[in-house]
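Going line by line, the protein sequences match chains A, B and C.
For the first sequence, the positions run 1 to 139 when the working numbering is used.
For the second sequence, the positions run 1 to 139 when the working numbering is used.
For the third sequence, the positions run 1 to 139 when the working numbering is used.
Because the hints were derived from the structure by calculation, they are not lab data.
Note that the structure is predicted; figures quoted are calculated from it, not measured.
For every residue, glycine included, the Cβ atom is placed at its ideal position computed from N, Cα and C.
Among the clues, some could well be false.
Unchecked claim - Simulated crosslink set (DSS-like; lysine-lysine; CA at most 25 Å straight-line):
#1 B:LYS29 - B:LYS109
#2 B:LYS29 - B:LYS7
#3 C:LYS7 - C:LYS34
#4 C:LYS29 - C:LYS109
#5 C:LYS7 - B:LYS29
#6 A:LYS7 - A:LYS109
#7 A:LYS34 - B:LYS34
#8 B:LYS7 - A:LYS109
#9 A:LYS7 - A:LYS29
#10 A:LYS34 - C:LYS34
#11 C:LYS7 - B:LYS34
#12 B:LYS7 - B:LYS109
#13 A:LYS7 - A:LYS34
#14 A:LYS34 - B:LYS7
#15 C:LYS29 - A:LYS7
#16 A:LYS7 - C:LYS34
#17 B:LYS7 - A:LYS29
#18 C:LYS109 - C:LYS7
#19 C:LYS29 - C:LYS7
#20 B:LYS109 - B:LYS34
#21 A:LYS34 - A:LYS109
#22 A:LYS109 - A:LYS29
#23 C:LYS7 - B:LYS109
#24 B:LYS34 - C:LYS34
#25 C:LYS34 - C:LYS109
#26 B:LYS34 - B:LYS7
#27 C:LYS109 - A:LYS7
Stated by the list, open to error - Away from chain A, derived, C-beta distances all over 10 Å, residues of chain B:
#28 LEU10
#29 THR12
#30 ASN13
#31 TRP27
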Amino acid sequence: MQQLTHKITLRTNGRRLYDITPQVIAWAKESTLKTGLLTLYVQHTSASILINENYDSDVLVDMESFFARLVPDGDKLFIHTSEGPDDMPAHVRSALTQTSISIPFVEGKVALGMWQGIFLYEHRLAPHTRNVLLHLIAE
Amino acid sequence: MQQLTHKITLRTNGRRLYDITPQVIAWAKESTLKTGLLTLYVQHTSASILINENYDSDVLVDMESFFARLVPDGDKLFIHTSEGPDDMPAHVRSALTQTSISIPFVEGKVALGMWQGIFLYEHRLAPHTRNVLLHLIAE
Amino acid sequence: MQQLTHKITLRTNGRRLYDITPQVIAWAKESTLKTGLLTLYVQHTSASILINENYDSDVLVDMESFFARLVPDGDKLFIHTSEGPDDMPAHVRSALTQTSISIPFVEGKVALGMWQGIFLYEHRLAPHTRNVLLHLIAE
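So that you can see chain A by itself, here it is in the shape it has in the complex (with noise of 0.2 Å):
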């Protein structure tokens, strides 16, 4: 049993979903390795981790549209709001979606399915440095 861990780290621009499913297949596919478990974490509050459809970005759209009227910006609802009106949205965003996730690997594979993608959801307004832990435990 092996284990190898990395760091994928993202410069946003904005609040969206970013697809970094290719640099975590890459990575995963580099190690050689046949059977274990991934597990990606994020190290922030006010960005997460989803796994959603990546074959209509119109879903990545609807998906955004969603947040952003569930959880407004600027909601009189909010007193952490020193850090602006979309920071304490931000941190309502993340608890609803997920900090880490894990993907069985099979095969030398990403288990994941036909229409799954992995993205980082940036959740604040402004350009953010983001990082995504990646733990593989494998043989």
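Guided by the hints, dock chains B and C onto chain A, whose structure is given.
Relative to the frame of chain A, chains B and C by itself:
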């Protein structure tokens, strides 16, 4: 340390929570291993995994009522409508629940709490074939 | 490769986020292991796990305000009311947040981001005893 993988394939017949606890427990028990980590992963973007109360079935009804109200089918907000009025809501519901869950495996048992069950949450109205991958690393 | 398991038992005194970061970090550090994966799992369906900002406590207040508005106690929608007006909302809140989270363990440390804390989110109003299972696989 050993690894075991398995695929549970389920034919769903409409939008609701499907209890897969018995299949998961039976498979893990077969292993005769003692200590480890069990991960469940759903290979879809319109079905998800949920740990939920498995005692009173009214909880399952209410859970569905809540999501049906929060993410209404045919919402005018959505532009991705080519696959039907329940498709984009299914992606949103998946984002709001879980794609993977990891449960410690202790003393040869999946360490579920007393009232916890493991459910596949089918978010589409029409029947679908759904795959849940199981990964157990244990000794 | 080694495995360690632990149970954090917490007596809650009402609905709010409880910071369990110090207990988690202290336990993992004790192991003297260097590289691996830490998984937290909550054995309940009316309490959950959340990675959230641990710097400004207003964030915790706002998070609760949001969920209180999104999933109101005593909602007429719900039929599972025998355990009180906050019971079904607690199950929904649990579904919307996380039951398990896995965090890479790197250079002998739980690889939390700078502003991340680990919280048990108690969703019930009355005091409860809550178990969080910890599982570390590392070398």
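Okay, the hints, checked on the actual structure:
Under the criterion of a C-alpha separation no larger than 25 Å, the hint pairing LYS29 (chain B) with LYS109 (chain B) is consistent with the structure, at around 7 Å. Straight-line distance between C-alpha atoms of LYS29 (chain B) and LYS7 (chain B) comes to about 15 Å, which keeps the hinted pair within the 25 Å bound. The hinted pair formed by LYS7 (chain C) and LYS34 (chain C) meets the criterion: a straight-line CA distance of about 21 Å does not exceed 25 Å. A distance of roughly 7 Å separates the Cα atoms of LYS29 (chain C) and LYS109 (chain C); the hinted pair therefore holds under the 25 Å criterion.
As the CA atoms of LYS7 (chain C) and LYS29 (chain B) are separated by approximately 22 Å, the hinted pair is consistent with the 25 Å bound. Of the pairs offered as hints, the one joining LYS7 (chain A) and LYS109 (chain A) holds, with about 19 Å between alpha carbons and a cut-off of 25 Å not exceeded. For the proposed pair LYS34 (chain A) and LYS34 (chain B), the alpha carbon gap of about 23 Å is at most 25 Å, so the pair holds. At most 25 Å may separate the alpha-carbon atoms for a hinted pair to count; LYS7 (chain B) and LYS109 (chain A) meet this at roughly 15 Å.
Proposed proximity of LYS7 (chain A) and LYS29 (chain A) is supported: the alpha carbons are some 15 Å apart, at most 25 Å. A distance of roughly 23 Å separates the Cα atoms of LYS34 (chain A) and LYS34 (chain C); the hinted pair therefore holds under the 25 Å criterion. Proximity of LYS7 (chain C) to LYS34 (chain B) is assessed by CA-CA distance (about 17 Å); at most 25 Å being required, the pair is judged to hold. A hinted pair counts as satisfied when its Cα atoms are at most 25 Å apart, and LYS7 (chain B) with LYS109 (chain B) qualifies at roughly 19 Å.
Distance check on the hinted pair: LYS7 (chain A) and LYS34 (chain A) sit about 21 Å apart at the alpha-carbon level, within 25 Å; holds. Between LYS34 (chain A) and LYS7 (chain B), the direct Cα distance comes to roughly 17 Å. Compliance with the 25 Å bound is thereby established for this hinted pair. Between LYS29 (chain C) and LYS7 (chain A), the direct Cα distance comes to roughly 22 Å. Compliance with the 25 Å bound is thereby established for this hinted pair. The straight-line distance between the Cα atoms of LYS7 (chain A) and LYS34 (chain C) is roughly 17 Å, inside the 25 Å bound, and the hint therefore holds.
Under the criterion of a C-alpha separation no larger than 25 Å, the hint pairing LYS7 (chain B) with LYS29 (chain A) is consistent with the structure, at around 22 Å. Proposed proximity of LYS109 (chain C) and LYS7 (chain C) is supported: the alpha carbons are some 19 Å apart, at most 25 Å. A threshold of 25 Å between alpha carbons decides the hint, and for LYS29 (chain C) with LYS7 (chain C) the separation of about 15 Å falls inside it, so the pair holds. A threshold of 25 Å between alpha carbons decides the hint, and for LYS109 (chain B) with LYS34 (chain B) the separation of about 7 Å falls inside it, so the pair holds.
For the proposed pair LYS34 (chain A) and LYS109 (chain A), the alpha carbon gap of about 7 Å is at most 25 Å, so the pair holds. This hinted pair checks out: LYS109 (chain A) and LYS29 (chain A) have alpha carbons roughly 7 Å apart, not beyond 25 Å. With a C-alpha separation of about 15 Å, the suggested pairing of LYS7 (chain C) with LYS109 (chain B) holds against the 25 Å cut-off. Under the criterion of a C-alpha separation no larger than 25 Å, the hint pairing LYS34 (chain B) with LYS34 (chain C) is consistent with the structure, at around 23 Å.
Taking the CA atoms of LYS34 (chain C) and LYS109 (chain C), the gap is about 7 Å. The hint holds against a cut of 25 Å. Annotation: proposed proximity of LYS34 (chain B) to LYS7 (chain B) holds, straight-line Cα distance about 21 Å (limit 25 Å). Distance restraint check for LYS109 (chain C) and LYS7 (chain A): the Cα-Cα separation of roughly 15 Å lies within the 25 Å cut-off, and the hinted pair is therefore satisfied. The claim that LEU10 (chain B) lies off the interface holds: its Cβ sits roughly 14 Å from the closest Cβ of chain A, which is beyond the 10 Å cut-off.
For THR12 (chain B), the condition that its CB be more than 10 Å from all CB atoms of chain A holds, with the nearest at approximately 15 Å. Every C-beta of chain A lies more than 10 Å from that of ASN13 (chain B), the closest at about 20 Å, which supports listing it as non-interface. For TRP27 (chain B), the condition that its CB be more than 10 Å from all CB atoms of chain A holds, with the nearest at approximately 14 Å.
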